[in-house]
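Sequence lines, in order, name chains A and B.
Position one of the first sequence corresponds to residue 1 (this note's numbering), numbered consecutively onward.
Position one of the second sequence corresponds to residue 1 (this note's numbering), numbered consecutively onward.
Everything labelled a hint here was simulated from the structure, so no lab data went into it.
A couple of the hints might just be wrong.
Straight line, CA to CA, 20 Å or less: simulated SDA-like cross-link-like pairs of lysine to any residue [what the hints assert, rightly or not]:
1) Lys299(A) with Gly42(B)
2) Lys23(B) with Gly338(A)
3) Lys30(A) with Glu41(B)
4) Lys3(A) with Ile124(B)
5) Lys33(B) with Lys198(A)
6) Lys2(A) with Lys88(B)
7) Lys2(A) with Glu146(B)
8) Lys364(A) with Leu335(A)
9) Lys29(A) with Lys103(B)
10) Lys23(B) with Lys2(A)
11) Lys33(B) with Lys364(A)
12) Lys16(A) with Leu7(B)
13) Lys30(A) with Asn38(B)
14) Lys103(B) with Asn38(B)
15) Lys29(A) with Asn38(B)
16) Lys23(B) with Leu335(A)
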Amino acid sequence: MKKLALSDDILMQIDKPARYIGNEFNSVKKNPADVDIRFAMCFPDVYEVGMSHLGIAILYDMLNKREDTYCERVYSPWPDLHNLMKERNIPLFALESQDAIKDFDFIGMTLQYEMCYTNILQILDLAGVALESKDRNNDDPIVIVGGPCATNPEPIADFIDMAYVGEGETSYPALLDLYKEHKAKGFDRQAFLRDAAKIPGIYVPAFYQVTYKESDGTIESFKPIYDDVPAVIDRQVVKDMDSSSYPTKMLIPFVRAIQDRVVLEIQRGCIRGCRFCQAGMIYRPNREKSVDILKEQAKELLASTGHEEISLSSLSSSDYHALGELMDFLIDDCLSEGVNVSLPSLRIDAFSLDVMSKVQDVRKSSITFAPEAGSQRMRNVINKGLTVEDIIGGATLAFKGGWNKVKFYFMLGLPTETDEDMKAIPQLANEVAAAYYDTVPKEQRQGRCQITISTSFFVPKPFTPFQWAPMYEAGEYLRRAKVVNDEMKAQLNQKSLKYNWHHSDVTVLEGVFARGDRRLCPAILDAYKSGCFFDAWGEYFDFDKWLAAFEKNNISIDYYAYRQRDLDEILPWDFINCHVTKDFLKREWNNAMNAKVTPNCKMNCNGCGAGIIGSGVCHNAR
Amino acid sequence: MSFAAPLGVGLTSIGEYMDIDIKEEVDAAASIKTLNDNMVEGLAITSFKYLPDTAEKCMSAVTAASYVVTYKDSKDDACYIDNICDLKVKFFDEAHSINIVKKTKKGERELDLKPLIYRFNIEIKDGVPVYDLLLSSGSTDNIKPELVIKAFHEFLGLPEFDDLSLDIMRTDMYTGEPDSLISLGDIGNEH
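Kindly generate the complete structure, drawing on both the sequences and the hints.
Below, the structure written as structure tokens:
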């Protein structure tokens, strides 16, 4: 049997030891001696979460296609193992070779949510790599981050050597080639970073200097310290999704991952332009894969994994041009082979209900709406083009088809939200319940209809039209949830309604990080040192420790979260070019304030700026 | 697909079984090769047989399992008991009952191990006791080897028993009555 980094004695003491032993079906095995570059690809959260992430699956496959590179995986050790590793000085290791990642050339981390920032430090700490970039030397790995949070890497600027801004498929080849060149001629860290900073999409925080205004603490200037380092970083975008690298195999873990099925990415980007949604802005333009390629990939992936379920991945699957053809193919080809088709969130209409009735047990499953706001005014503000008629009409069709469970997703704390808007949430749910009782005759009902309302609290994100919006204090979020809850109890059909809401402390912290700058770094470091990690997990989140770390470092939550930003303020992420222009975002902010709807990309080009990429929906429209 | 019995974390095995339904008949030898070519490290298919249509699922068929158990540490307290083989005869062969308290998810219950242990031998290899056990297994009376060794340790008057001190290998699984057990591997045909 191959070597394991953890002894049997340790593996027997910890929860789910299969998280740490590697050797999964379809994992890549190479002889480390045969490669030039060793890359530790990390998802800084627990194994079952990280193993479900499509982005890493794509990059793991792509990097390992290179003969000169061995890309291995790393996930955050759960606190039980974390403590044992600390106690016994066991260095963090990669799953494939079980070798310590301190000796690797790169440690790459994908940042999918802000609440994983302390886990970046956990990974570095357990690896035995200096937590701050300035303390690393030529022998240390290059620490690089990517993913959506890399569109504002400033709150973690001190911890990383570089951020890869954008889609990984485009610039990794150039980066690895450059690294190899530097390694061959005697590696000098500074020289490599300097050259890497010239590769499109690569941002090296140490090469930029930020000054702040004395008056209000906002940014005065943000400039590279060298002439040959670009002042603006262009977010990287794959132009042609069909020819872009996609895995033909996926790893099969020994313990059940959250996403325990084949995941087929059908398109990137979204045409909708919801004003709160970062993904909808930064992944522009909307780029579809051709349906023939998808059919091929689906077959290949099902054959190479043995998975019994396939799911489609995209931001808005209903907008995919050939969804009907793709669904027919999956239903005909997969269901007969005993493979289940799990449906992505589809817009509820006659088509989607027809498809759903073919692949699900109607009585057990539910239909889902994400209107995000309860009133039409509020939905116009956020540019969510879903009307009451759409919702009632869709729900009525579903009730006729035999469904009686409906799930609703809303956000609270959106810009301009009034108590009336909040109250409209349970009122809408009540109307849907009423539609059930109007539509389905008493003798055909299977008990009451069940309508579940869930609200999350809105967090403004960079590169969205709401990037300037103020947040509220934790108590105010809870007040808003109470308004919804009280109004729900006043509804005629309240017995058919159920309401869930989220915690609010973590919302505020997420808001601070999302729009933070590099002055947050010392506070994040102190929070980690005081024991904060796995902040995305309720049982480990300790808001008091965070407040202490903020106080010690003079961090004002008010400044980062609660204030209304000026439209002309230099924002910490302004140096990144996401192709969507600031002018467009400002225009959209003003449209939001006037509750004015902007048509989607297929209806009308709104000149957001992403057209410059020259592909996808912008290109097709022309 | 159905597995005969899940293998506990930390155990090794050379005798695991699963049954699968397939659509068409395939060549057994070729299938073993195909499966092993795709198998993860540490797992190997050793035999492939066709079961009669009337065969019950292996999970419900299992009635017994055999184990080889020894100590990870050659300095374990049990290694210093010179007459351990004689004491074993007293503990097992000559005993009418071996009463223990078994902890389950539902609470504690008294249990007589004696009729559920079908074989209990000891051999001393390099000064370390090696146990050869055949125990009742399956859905009704599933006896883990740790439980038997723990009872033996208590009989020997040894202090605190630790499951983790044992090195346990499952060697085979059986079906049938205790006096006429058949290895699951001996059921079925090549075609």
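To see whether the hints hold, each was checked on the structure:
Between Lys299(A) and Gly42(B) the alpha-carbon distance is near 28 Å, which puts this suggested pair outside the 20 Å criterion. Of the pairs offered as hints, the one joining Lys23(B) and Gly338(A) holds, with about 12 Å between alpha carbons and a cut-off of 20 Å not exceeded. At most 20 Å may separate the alpha-carbon atoms for a hinted pair to count; Lys30(A) and Glu41(B) meet this at roughly 14 Å. Distance check on the hinted pair: Lys3(A) and Ile124(B) sit about 29 Å apart at the alpha-carbon level, beyond 20 Å; violated.
Restraint check for Lys33(B) and Lys198(A): not satisfied, since their Cα atoms lie roughly 51 Å apart, outside the 20 Å limit. A threshold of 20 Å between alpha carbons decides the hint, and for Lys2(A) with Lys88(B) the separation of about 37 Å lies outside it, so the pair is violated. Only pairs whose Cα atoms come within 20 Å are accepted, and Lys2(A) paired with Glu146(B) is rejected, the gap being roughly 26 Å. Only pairs whose Cα atoms come within 20 Å are accepted, and Lys364(A) paired with Leu335(A) is accepted, the gap being roughly 18 Å.
About 43 Å separates the Cα atoms of Lys29(A) and Lys103(B), which puts this hinted pair outside 20 Å; it is violated. A distance of roughly 35 Å separates the Cα atoms of Lys23(B) and Lys2(A); the hinted pair therefore is violated under the 20 Å criterion. The hinted pair formed by Lys33(B) and Lys364(A) fails the criterion: a straight-line CA distance of about 42 Å is larger than 20 Å. A C-alpha spacing of about 14 Å is found between Lys16(A) and Leu7(B), which places the hinted pair at or below 20 Å, so the restraint holds.
Of the supplied pair hints, the one linking Lys30(A) and Asn38(B) holds, its CA atoms being roughly 16 Å apart against a limit of 20 Å. This hinted pair does not check out: Lys103(B) and Asn38(B) have alpha carbons roughly 40 Å apart, beyond 20 Å. Between Lys29(A) and Asn38(B) the alpha-carbon distance is near 13 Å, which keeps this suggested pair within the 20 Å criterion. Of the pairs offered as hints, the one joining Lys23(B) and Leu335(A) holds, with about 15 Å between alpha carbons and a cut-off of 20 Å not exceeded.
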